[in-house]
Amino acid sequence: MALVVLLISLLAPPSSPGSAGAAPPPPPVTAATLVYLESPTDTPGQKLVGALLDAAVFVALVAVVTFVLVALYYYRCTCFLKNYMRFSAFFVLFSMGGAIAAAVLRRLGAPLDAATALVLLFNASAVGVLSVFASAVPIVVRQGYMVALAVIVAAWLSRLPEWTTWIMLIALALYDLVAVLAPRGPLRMLVELASSRDDELPALIYESRPTVGPASSSSSYASAMGSVEMQPVADPGRSGGNQYDRVEQEDDSNRAMVEMRDVGGIRSGIRERNLEREAPMVVSVSGQSSNQGGNSQHAVIQIEQHEEGETTPLVSAASANNAAPNDEHRESSSDSAMEFEMFESTRGIKLGLGDFIFYSVLVGRAAMYDLMTVYACYLAIIAGLGCTLILLSICKHALPALPISIMLGVTFYFLTRLLMEPFVVGSSTNLVMF
Amino acid sequence: MTVAAGLGYALIALGPAFPLFAGVVARKPFLVLTLLTSTLFWLISLIILSGVWRVFLPIRSGAWWPYAILILTSVAFQEGIRLVFWRIYKKMEEMLDSFADRISKPRLCLTDKMLISLAGGLGHGVAHAVFFCLSLLTPAFGRATFYVERCSRMPFFLVSAIISLGFLVIHTFSMIIAFNGYDERKRSEQVFVPVVHLIASVMTLINLAPGGCVIGTPLLCFMGAVTLQYCWQMVWRRLSEQQHRQFSS
Numbered sequence: 001m002a003l004v005v006l007l008i009s010l011l012a013p014p015s016s017p018g019s020a021g022a023a024p025p026p027p028p029v030t031a032a033t034l035v036y037l038e039s040p041t042d043t044p045g046q047k048l049v050g051a052l053l054d055a056a057v058f059v060a061l062v063a064v065v066t067f068v069l070v071a072l073y074y075y076r077c078t079c080f081l082k083n084y085m086r087f088s089a090f091f092v093l094f095s096m097g098g099a100i101a102a103a104v105l106r107r108l109g110a111p112l113d114a115a116t117a118l119v120l121l122f123n124a125s126a127v128g129v130l131s132v133f134a135s136a137v138p139i140v141v142r143q144g145y146m147v148a149l150a151v152i153v154a155a156w157l158s159r160l161p162e163w164t165t166w167i168m169l170i171a172l173a174l175y176d177l178v179a180v181l182a183p184r185g186p187l188r189m190l191v192e193l194a195s196s197r198d199d200e201l202p203a204l205i206y207e208s209r210p211t212v213g214p215a216s217s218s219s220s221y222a223s224a225m226g227s228v229e230m231q232p233v234a235d236p237g238r239s240g241g242n243q244y245d246r247v248e249q250e251d252d253s254n255r256a257m258v259e260m261r262d263v264g265g266i267r268s269g270i271r272e273r274n275l276e277r278e279a280p281m282v283v284s285v286s287g288q289s290s291n292q293g294g295n296s297q298h299a300v301i302q303i304e305q306h307e308e309g310e311t312t313p314l315v316s317a318a319s320a321n322n323a324a325p326n327d328e329h330r331e332s333s334s335d336s337a338m339e340f341e342m343f344e345s346t347r348g349i350k351l352g353l354g355d356f357i358f359y360s361v362l363v364g365r366a367a368m369y370d371l372m373t374v375y376a377c378y379l380a381i382i383a384g385l386g387c388t389l390i391l392l393s394i395c396k397h398a399l400p401a402l403p404i405s406i407m408l409g410v411t412f413y414f415l416t417r418l419l420m421e422p423f424v425v426g427s428s429t430n431l432v433m434f
Numbered sequence: 001m002t003v004a005a006g007l008g009y010a011l012i013a014l015g016p017a018f019p020l021f022a023g024v025v026a027r028k029p030f031l032v033l034t035l036l037t038s039t040l041f042w043l044i045s046l047i048i049l050s051g052v053w054r055v056f057l058p059i060r061s062g063a064w065w066p067y068a069i070l071i072l073t074s075v076a077f078q079e080g081i082r083l084v085f086w087r088i089y090k091k092m093e094e095m096l097d098s099f100a101d102r103i104s105k106p107r108l109c110l111t112d113k114m115l116i117s118l119a120g121g122l123g124h125g126v127a128h129a130v131f132f133c134l135s136l137l138t139p140a141f142g143r144a145t146f147y148v149e150r151c152s153r154m155p156f157f158l159v160s161a162i163i164s165l166g167f168l169v170i171h172t173f174s175m176i177i178a179f180n181g182y183d184e185r186k187r188s189e190q191v192f193v194p195v196v197h198l199i200a201s202v203m204t205l206i207n208l209a210p211g212g213c214v215i216g217t218p219l220l221c222f223m224g225a226v227t228l229q230y231c232w233q234m235v236w237r238r239l240s241e242q243q244h245r246q247f248s249s
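Residue numbers (UniProt numbering), protein chains in the order written: chain A, 1 to 434; chain B, 1 to 249.
Hints were generated in silico from the structure; no laboratory data involved.
In this text, a Cβ means the ideal position worked out from N, Cα and C, and glycines have one as well.
Any given hint could be a false lead.
What the hints assert, rightly or not - Computed, partial: chain B to chain A, Cβ under 7 angstroms:
1. Val-52
2. Arg-87
3. Asn-207
4. Cys-221
To be verified - Computed far set for chain A versus chain B, every beta-carbon distance over 10 angstroms:
5. Cys-79
6. Tyr-84
7. Phe-90
8. Phe-94
9. Gly-98
10. Ala-102
11. Gly-109
12. Leu-121
13. Cys-395
14. Val-424
Said to hold, decoys possible - Covered, in the sense of this in silico footprint (three residues per stretch, anywhere, with C-beta under 8 angstroms from a C-beta of chain A), are these stretches of chain B:
15. 38-45
16. 65-73
17. 130-136
18. 154-160
Looking at chain A on its own, in the form it has when it is part of the complex (with noise of 0.2 angstroms):
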C-alpha cells in the first residue's frame, strides 16, 4: 500500500518540472553537492571523481550526525531530541513540502491566494507534527503522514544531479550495510540501546501496524518494542521522530482485521520475538502489501515454523475451511476468535522512513528515464525487500534494508535501460510479441 502510493504520488513531482520545461528546475542545494555541481558539459570521468566526492561528503554528514543523535539517546537527552524531531517535521512538512506544493499547482495551473495556502499549509504540518507524536492520533493519518514526509524529502532529492544520485545511493547503501552490521555501527548501537531499555526508538519509523485481534481484552497494551526490522533515517535533516506502539482497539474491529493481515516476514518477528518471550503472538505486518489476505490464527502456526513462513497462510487456509480454502478469512474470523486471547501482545516490524526515502528517490530517478525503468525497479526493491525479510528469519536481529533492495534496484535499472529498452521497443513497434 504504502509504496504504491508512494510510487504514483511521486510520478507526480517529477514529471512537473520535467515537462514544465520552459523554467530550468533550481539548482539543488543540499549537502549532497556541497563539494561539487554537476553540469551536462563534463566529462564522465569528471562527473564519476565529483559525484564520487559528493557521496562521500553526504555519508560522512550522514555518519556525523547519526553519532551525535545515538550520542544523544545514549545520554538520555530525549526531551531534547524530540523537539529536534517535532522541529524537523514541520520544517520538512511546511518549507520543502510548502515548495513542492507550489509546483504542483503551478504545473496543474490551478489559482490559489498565499493566504489561504498558507493557512492550509501550516494547519496541515501542525497537524502533521502531531500525528508524529501524540499516541491519540489514529494510526492511519500517522502513517499517511510518515509516506508524506518520505514522498516530499524523496521528490526533493530526485532533484539532484543524476551521476551524484545513483553513486550517492550505492554508497548508502554500503554504508547502511555498515552502519547496521558492524560491531561498533551507529544504528546497531541504537538498536541495542533502545532494546535493552525497552523504550521505543527515537526515529522517524514506518510501523506496521501492531494490532491484537478484535477478540482480545481492550486492555492489552504493546508495548514490546525492539524492532526486528529497523532502519532510523539515515538523513540528517530528519532524524528522528517518536514512534509509539499503539493498539488499535476494536471500535474497528474491520480495519483491525485488515491489519490482521500479514506478508510473508511474519514469521521472523515470530522468531525473534520467541526468543525472549514465552507468550504466543501475532506479529502482523502490512509495510508495503496491504492486500495480502491471511489470518491472525495462522501465527500459532507460524510460531513453530522454521524455513518458509510465507507459505503457511495457504497451507493453514486450506485446513481452516476445507469445504472452500478460497474463503476470506474475515468470514472465519469470528470463529476463531477465541484463539485471539492467547495472544498478549502485539509487535509490527519496523521499516525506517530513511529506506522508504531511498527506495523512492530510486524509483524516481528511474521515473525520469522510462516508465520500464520504473517497473523494473519497483519489481527488483519488492525482490530486494523480500531477501531482506527472508535473511532476517535467518539472522533475528536488525539488518539494513538498504543494500540488497538498492544494488537489485540500480542494476535492474541499467540492464534495463542498456538491454531491454531497445530490445523491446524495437519488437513492439514492429508489433512482434511474444
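Knowing the structure of chain A, use the given hints to seat chain B on it.
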C-alpha cells in the same frame, strides 16, 4: 487523445487481470508472493533475452525472418523458464507438504495447486502486459496518437493493448495447463502450451505485412479464447474427477 484514451488502453490490456488479482490472488499472501516471483522471473528472462539479442538490434532490413528467429528463440527460452519455475515450485510444494504433515494439517489440495499456478501465470501475463504495453503507453496520455506505417487503420496503442490482452490470457491460463500437465505427466498438455505460445507469437508476425494487424490481432484473441476454453475443460475434468473420488471414498 487524452488521459481517457490512455486509461482505456491500459484497462484493455490489464482489465481482466484486475479482477483476477483482487478476487483471487490478493486474498492470500502466498499467492501474492508467487505472483511477484513469477513476474520477476519473467523480467529476468526478458533481460537475458534482450541481452543476447542486443548485438543484433536494431533490425534494419524489412525482412521478416530475423523476427521469426527472434520469436522462435524467445518462445523456446520462455518455455524453458517455465520448466525452471515448475521445478522450483515442485521443491517448494514438497517443503510445504512436509511442513503440513509435521503440524498435522492437510496437504495442499487440488484447488490450492491450481490457484498457485494461476498466480504464477498471472505474474507472467502481467509482466508481459506491463513491459510490452504499459511502458510504451506514456505518449498515449498526451494529445496525439501514433500509427505504425504498416497498420494505418488502428492506433498503435490500441493494437498493442489488444495483443497484450491476448497474451495475458494465454500466459495466465497456459500456466495452469502446463502445471497440470507436468503434474499428471500428460504429454498432450505439456505440448499444448508451447505450441499455443508459438502459434500466438507467430501470429504477431502477420502484423509485419501491410494492413496485417486487422487479421493478426483477432486471430491472436482467438488463440487466447482457445487457451481459455482448453483450460476450463481441463479444470472441470479434474474437479469432477476429484469429486467422484471423494464421493466414492
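Verification of the supplied hints:
no., hint, result
1, Val-52, "9 angstroms, violated"
2, Arg-87, "16 angstroms, violated"
3, Asn-207, "4 angstroms, holds"
4, Cys-221, "13 angstroms, violated"
5, Cys-79, "41 angstroms, holds"
6, Tyr-84, "38 angstroms, holds"
7, Phe-90, "35 angstroms, holds"
8, Phe-94, "32 angstroms, holds"
9, Gly-98, "27 angstroms, holds"
10, Ala-102, "23 angstroms, holds"
11, Gly-109, "15 angstroms, holds"
12, Leu-121, "28 angstroms, holds"
13, Cys-395, "20 angstroms, holds"
14, Val-424, "6 angstroms, violated"
15, 38-45, "holds (count 3)"
16, 65-73, "holds (count 3)"
17, 130-136, "holds (count 7)"
18, 154-160, "holds (count 3)"
The structure fails to meet hints 1, 2, 4 and 14 from the earlier list, while all remaining hints are met.
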